[in-house]
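> Chains as they are written, first to last, in this note's numbering: chain A, 15 to 144; chain B, 337 to 886.
I should point out that these hints are in silico values taken from the structure, not numbers from a laboratory.
Any given hint could be a false lead.
Derived DSBU-like pairs (lysine-lysine); straight-line CA-CA distance at most 30 Å [as the list claims (entries may be wrong)]:
id : chain 1 : residue 1 : chain 2 : residue 2
1  : B       : K682      : A       : K130
2  : A       : K84       : A       : K135
3  : B       : K842      : B       : K861
4  : B       : K489      : A       : K127
5  : B       : K833      : B       : K657
6  : B       : K696      : A       : K34
7  : B       : K645      : B       : K798
8  : B       : K489      : B       : K504
9  : B       : K842      : A       : K34
10 : B       : K657      : B       : K682
11 : A       : K83       : A       : K130
12 : B       : K798      : A       : K34
13 : A       : K83       : A       : K135
14 : A       : K127      : B       : K682
15 : A       : K34       : A       : K83
16 : B       : K842      : B       : K798
17 : B       : K657      : B       : K842
18 : B       : K861      : B       : K833
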Amino acid sequence: MGLRVLAVDDETDFIETLVKRFTYRQIPVTAASNGPDALALLDREPFDVVILDMRMPGMDGLTVLQEIKKRHPLVEVIILTGHASVEAGMQGMSLGAYDYVLKPVDFGELLEKANKAYERKTLHESQRPS
Amino acid sequence: MIQDEFSRLRLKLVAITLAFSFIPLLSLGLGLYTRFYDTYTDKIYDNLRNLVDNKKVTLDLFLSERVAQLSNLALTESYQDLSGDAYLERIFGVLQLHSKSFLDLQVIDQNGICVSYVGPYQLRGIDYSREDWFRTVMAKGIHVSDVFLGFRKYPHFNIAISRREGEKTWVLRAAIDSDIFDSLVRVIHLGKSGDAFLLNAQHVLQTKPRFGHDMFDTVPFPDVPRFSGTRVEEMTVGGQVSLYAMTWLNLKDWLLVIKDDPAEEMMPLYRARWLLIVLLSGGSLLIIAGAVVIANGTVRQLIRAEREKAGLDASLTQSSKMAALGKLAAGVAHEVNNPLAIIMEKAGWMRDLLSEEDIKASPNFQEFADAVNKIEFHVRRAKDVTHRLLGFARRMEPTQENLDVNLLLEQTRSFLENEANFRGITFVRNYQSDLPHIESDTSQLQQVFLNILDNAIDAIDKNGSITITTSAVPDAGEVEIAITDTGKGIPREALEKIFDPFFTTKKVGEGTGLGLTISYSIIEKLGGHINVHSQEGQGTTFHITLPIGG
């Protein structure tokens with residue numbers, strides 16, 4: 015089993031390209047364009063890392079993050095924000111996100127963070143009493 | 337515009353102060369003067385009136401005494417006795433015992449013939465029957481003549497008394513020396529130009545006045561009908577205005593006149609008037625000076641307050657502008673970041689695809705690779721701008737640490753030392769050695785100092801100096817940092833925009849125009865102030881004040 019990514023952003027052009035680039039590197043990735051879709055997908059399929067945009071219509075990123083952490087505590091979340099606000103990032107981190115990345119994103123950086131998040135998730139899973 | 341308003345206000349203040357000072361001052365001065373004038377002129381008039389009254393009493397007394405002496409004589413002695421020269425001479429001797437003013441004495445019979453005479457002339461036998469005075473005395477019993485020279489060539493006058501004795505009426509007549517009038521009126525002491533004289537009803541002088549006329553001259557004097565009591569009037573006689581006090585004698589139609597020069601009499605009054613004028617002008621000058629000083633002071637104070645207010649307004653405007661721009665910048669940057677993110681990903685995807693073998697074989701492969709590189713490079717440039725903008729907008733709580741401003745400036749300066757040396761720029765360090773440490777944020781302050789020093793180096797370009805001065809303002813609880821360069825200065829129209837975002841004088845791509853904007857917001861957040869003074873061609877000085885207490 016390798017890293018499985020769920021990318022959530024309402025910018026379809028952005029998410030499509032992101033999906034293509036993950037796929038190009040043979041990393042399974044699924045796209046969701048809003049919070050409820052993302053949550054529904056998480057309920058149905060297993061994911062390791064969620065790349066979550068903060069600013070979305072309907073349900074905003076922070077709410078989605080809280081919901082994910084409630085339902086799937088082991089899933090790691092990387093916050094994606096166009097707001098270079100440390101505040102939002104810190105808030106996200108305090109709610110259990112793994113890290114945050116500022117838009118525009120350097121794909122290499124994002125990939126590295128996704129991998130590290132996956133490592134941490136596997137670490138957590140191994141420590142978890144089954 | 338404002339200047340006009342202040343001039344108007346100054347005038348208004350001066351006018352009001354003057355009005356409220358002058359009206360009481362003038363009314364007091366004029367009121368007192370009028371009162372003094374009235375009292376003083378009353379006193380002068382009263383003096384003259386008293387003088388003329390006293391003299392009148394004396395003159396009347398003299399005349400009535402002579403008349404009484406003659407009447408007594410006429411009543412007590414008989415015509416029989418008096419018509420003999422020897423007896424008349426004896427009587428005359430008695431008369432002269434009491435009064436030397438009797439010059440002669442004669443007895444005249446019913447027909448006007450002088451029957452006996454005592455005196456220096458031979459008048460016996462002279463016929464007076466045709467004389468007016470004889471007819472008057474026969475009819476009225478008494479006659480007092482005007483003063484005349486007569487045979488004697490010596491001023492005198494006559495008193496004649498008639499007495500009826502049985503069937504006959506006879507007349508006792510005496511010549512009286514009129515010198516007594518002269519001496520009586522002459523003793524009236526009247527200053528330099530005052531005068532006193534007796535006038536008969538035909539305006540013929542009966543005494544010798546001090547000035548202008550001789551005895552018996554007819555003087556141009558207005559007709560004064562007989563009145564009782566005393567009059568004091570200002571009259572113009574012979575083109576000369578004088579004060580005249582007048583009274584008619586009781587026994588004779590003679591007008592006693594005392595003339596006085598009003599100018600002389602009023603001298604103390606004029607002096608008082610001069611004093612008043614001097615005091616009023618002095619007071620007025622003082623008041624005017626005071627009013628001007630007060631108005632100027634008030635207006636200066638107002639202008640200072642206005643300036644301070646304008647300065648405060650300007651800094652408030654700048655702060656609110658910053659806040660509004662911060663929000664705008666954050667919004668724009670955020671919105672721009674999404675498209676940038678897409679461009680970045682698309683370019684990245686293209687780069688991924690470019691690693692495919694068949695594309696590498698394409699003759700245009702290098703062109704594509706270059707294009708992707710350039711797109712990525714410029715997206716990063718744009719990202720740099722948006723992230724700086726967001727950094728400016730970000731409300732991050734500054735950390736508080738105890739820091740030495742001198743040390744921080746020195747560290748920051750050393751970053752730029754090589755660059756400065758290379759361009760021939762020297763640093764002049766004017767640090768206050770015992771500068772108190774302040775509570776502030778090291779890294780943010782460093783960013784500000786770096787920005788300003790960097791700008792100073794750019795402004796000088798080559799060869800010059802940058803002076804860094806620090807000083808404590810203990811009263812305000814602040815430290816002050818001044819950074820002065822010898823560069824080209826900032827044009828006046830640019831001066832008020834230098835803290836505005838994206839305002840830059842540098843070439844496209846060399847500066848974002850955010851350095852000073854961020855510096856401004858950092859200093860404001862740290863509780864300090866930053867401002868700039870610059871004159872084109874003479875360099876620029878940035879003043880930064882920071883609170884010591886943080």
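> Of the hints given before, which are not true for this structure?
Hints 4, 7, 8, 9, 10 and 12 not satisfied by this model.
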